[in-house]
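Chains A and B, in that order, give the protein sequences. In terms of the numbering used here, the first sequence opens at residue 36 and continues consecutively. In terms of the numbering used here, the second sequence opens at residue 2 and continues consecutively.
A few of these clues could be false.
To be verified - Partial pick of chain B residues on the chain A-facing surface, computed with a CB cut under 7 Å:
hint	residue
1	Ser-68
2	Val-100
3	Met-134
What the hints assert, rightly or not - Distance condition first, Cα-Cα at most 27 Å in a straight line; then the derived DSS-like pairs of lysine-lysine:
hint	chain 1	residue 1	chain 2	residue 2
4	B	Lys-411	B	Lys-373
5	B	Lys-32	B	Lys-58
6	B	Lys-341	A	Lys-265
7	A	Lys-266	B	Lys-459
8	B	Lys-32	B	Lys-229
9	B	Lys-65	A	Lys-265
10	A	Lys-266	B	Lys-65
Claimed, not checked - Chain A regions said to be covered by chain B (calculated; three or more residues, Cβ under 8 Å):
hint	segment
11	53 to 67
12	141 to 151
13	166 to 178
Hints are computed from structural coordinates only; laboratory data are not their basis. The C-beta atom is built at its ideal place from N, Cα and C for all residues, glycine as well.
Below are the chains, spelled out letter by letter.
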Amino acid sequence: MYPVSIIFITLFYISLLIFLVGMTRKIVQYWQTPVPLKIPTAPAPLTRSGVVLRMLREVILFESLFKASKWTWLFGWLFHIGLALVLVRHLRYFWPGDLPEILLLTQPFKYAAFAFVIGLLGLLGRRIFVDRIRYISAPSDYLMLIILLIIGVSGVVMTFTDNHTDIIMVKEFASGLLIFDWVNLPTEVHFLVHIFLAFLILAIFPISKLLHVPGVFFSPTRNQVDDSRKKRHISAWALQQEQQNSVHLGEAIGTDGTLETAAEPQTKG
Amino acid sequence: MADDFVIEPLPTYLEIPAVKADAMRGAGPFKSNAEFQNPLGFPGEKVDNWQQVAIDKMGELKSKYRSVQVFLDACVKCGACTDKCHYFLGSSDPKNMPVARQDLFRSVYRRHFTFAGKYFPKLVGAKELDDEMLDDWYNYFHQCSQCRRCSVFCPYGIDTAEISMAAREVMDSVGVGQKYCNQILGKAITIGNNLGLPEPALRDTLLDLEEEIEEETGVAVKYPLDVKGAEILLITPSADFFAEPHIDGFIGYGKVFHQDGVSWTMSSYASEGANFGMFIGSYDVMRKAALRIRKAALDLEVSRVMVGECGHAWRVAYSFWNTLTGVGAGAVANDEFALKLQNQLDSRYPQPQHIIEYTHNLIQQGRIQFDKSANDERVVTFHDSCNVARASNMGGIPNGQFILPREVIKAVCNNYVDMQRESIMESTFCCGGGGGLLTDDLMEVRIKGAMPRMQALKAVEKSDAVNTLVAICAICKSQFSKVLPKFDFDPYMIVSAHQLVSEAIIMDKPQTDETEIKTEIETEIKTEIETEIETEINDKTDETVKID
């Protein structure tokens, strides 16, 4: 096997490991961090099913972004829907053996690559030309878009120009990664750049703003049911404080008496 | 910030300004001192190892609040919020863009709590918490009214209010607090209201008001205080007792209660609806202030708790009281703390209930009648106060917090128009004075932040000759009274919803009412006791004089 194949195989597993471990840790962290107060933002659903619908509208249609800015919505949505379709189409490379019927139907999804690239160009343009967005952009914000653009453009080049790679080799390599049956990969530069940057994105996912992907599902202003008068919502730490009477009236109001019990410890704060 | 600043004429259309760096740079509002810090459990002055204390506090907060943790991670800098803050629209200072305001906090979070920020700070915009950064925190986190408008438009629901609350709590924990909020909180948690008004003064005020109303209308509308066994405990912002135009709304509540014939009371122990604990982001201080209401409800054995016209008070009451104090419903079977109160409260009513919900209900049932022509000289529009609009509900129906106030207003006046859709309801613009900013040392911020609301108001003034602005928030009312004239409006055009109710309500209830008799007896007894005590004191003084 070529050394370059060994390097890329290693890179794949390293980035996948970082991705899986990192994302698990972040999701566990989000899951375990308490939500002490009810803070849904209007228009807040009054029922659980309302919240599910709101979340679906948010992650599929980008409802709030649509309200905020039509241009950002257009480019952002094109980019994300393009990415989603292209990723689905990429399943064929990782599928060992003959493709099931349903994956064969994803062939036209290759055109979504244009939505992906156009969306990214729009977002990059906004970041460069709108003074407000330029102001809030760190180098990493440009870098992220540029990495994704290079991935997109190199993919388009491989798919729609004469610079095709050996697609059979790609499939054997990619599916081999999943079933631990390692083979050589094609060594055209644009292909190597394409997958190297894809691995990079995987690796920086848990340590970057890409955390918006799990984050949106944990956002209390979006995932809470607006039922604070009907159900008592209390977090573990607040309940513990309440049971220990650690916040009490006695201290501040002097002789006015304490709230629940007379003999509570006089702790500060 | 310069003391003299230019108030630009209102634009015909609200335009997004070009960023003007440092336009609102400054020292921020007056700082608190030991006298106001210590009662809240905060250090009296900036502690020596403040950086370490602050970083530790940040770590604590992000582990206690999922909102803080997720919001710090999730922002992709898409810019959707950049043109949504009224302070940015009015001041052009880029640090008043919600994301940039959050970034003051986020850059420090990244530096200390993330891999990328620890090893590649320049790349991801991570920054150290130094004196300059702390100055920026103090200045710009006191240019946020925690109105949550940005959160409506954020694709991840990131709420700058949560970040600004966290930042203020971190600052309080190192001894850098804001005087306005912390001084007021000291009064609220020791005396029971933001004004520091003790029971006798409050009682006098209410008696004066009763006389005034009786003189004016011939109806003996009562303002009962500390009446044990009353049905409703009213918790209202203390501004309602004195301030203009608040008091005219307060008169409206009294008239509605009177006409309904319900027994109600206020509490001298918990005579404040406002809860600035929310503004400073302290769960404990907010809870402490709210617990007075629980105690008052238990002591007075009321079956309903009702809240007057106050925006953030309604957010705290509606969204937080059940959590903080048990005022609400639906506690689990072993929750003794909450059940003690919830078993006492009447489950047929929402707990707590907003005065607008109450009046709305009476209107629906036809139990109060109006002469709408009393408000015929008015062309009315309604300002959705941010905390009511974006952080609460009314009536238990979707968007009830927008519907109910409008229905009440339309029931009492003939001429109503809404302002531009993008400036009302969930997209409402803050009055400019919320979130602990209603202090004279922040006047420039307040006036500039009011610009978007004033622009929308100017538009309906031109198109529909609107001459009355209704709000159901004590802060909005005070703020508008101050800023309206700066934009060539009549400062008296701002009124309470219940002022319109008060002007139109037909007071035809027979005067012999049980509640009144009960209240009268209470007052008589009180007066007798007071006279006795006075006589005793006088006697004692006489004795002392004699001995001397």
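For the pair supplied as a hint, Lys-341 of chain B and Lys-265 of chain A, confirm whether the alpha-carbon distance does not exceed 27 Å. It holds: about 16 Å lies between the C-alpha atoms, which stays within 27 Å.
Taking 8 Å as the C-beta cutoff, is the stated coverage of the segment 53 to 67 of chain A by chain B satisfied by three or more residues? holds (count 3)
For a C-alpha distance cap of 27 Å, please report whether Lys-411 of chain B and Lys-373 of chain B respect it. holds (9 Å)
Against chain A, is Val-100 of chain B within 7 Å by beta-carbon distance? holds (5 Å)
Is Lys-65 of chain B within 27 Å of Lys-265 of chain A, Cα to Cα? holds (24 Å)
Mind checking the alpha carbons of Lys-266 of chain A and Lys-65 of chain B for me, to see if they're no more than 27 Å apart? holds (21 Å)
Three residues or more, CB to CB closer than 8 Å: is that satisfied between the segment 166 to 178 of chain A and chain B? Check passed, 11 qualifying residues.
If you draw a straight line from the CA of Lys-32 of chain B to the CA of Lys-58 of chain B, is it 27 Å or shorter? holds (20 Å)
Tell me if the straight-line CA distance from Lys-266 of chain A to Lys-459 of chain B falls inside 27 Å. At roughly 42 Å apart (the allowed maximum being 27 Å), Lys-459 of chain B and Lys-266 of chain A break the hint.
Would you settle whether the hint for Ser-68 of chain B is holds or violated, based on the nearest Cβ-Cβ distance to chain A being less than 7 Å? holds (5 Å)
Checking one constraint from the list: CA of Lys-32 of chain B to CA of Lys-229 of chain B, max 27 Å. Satisfied? Violated. Lys-32 of chain B to Lys-229 of chain B sits at ~41 Å, over the 27 Å cutoff.
Let's test the interface hint: is any C-beta of chain A closer than 7 Å to that of Met-134 of chain B? It is violated, given that the least Cβ distance between Met-134 of chain B and chain A is near 16 Å, above 7 Å.
Comparing the model with each numbered hint stated earlier shows that hints 3, 7, 8 and 12 do not hold.
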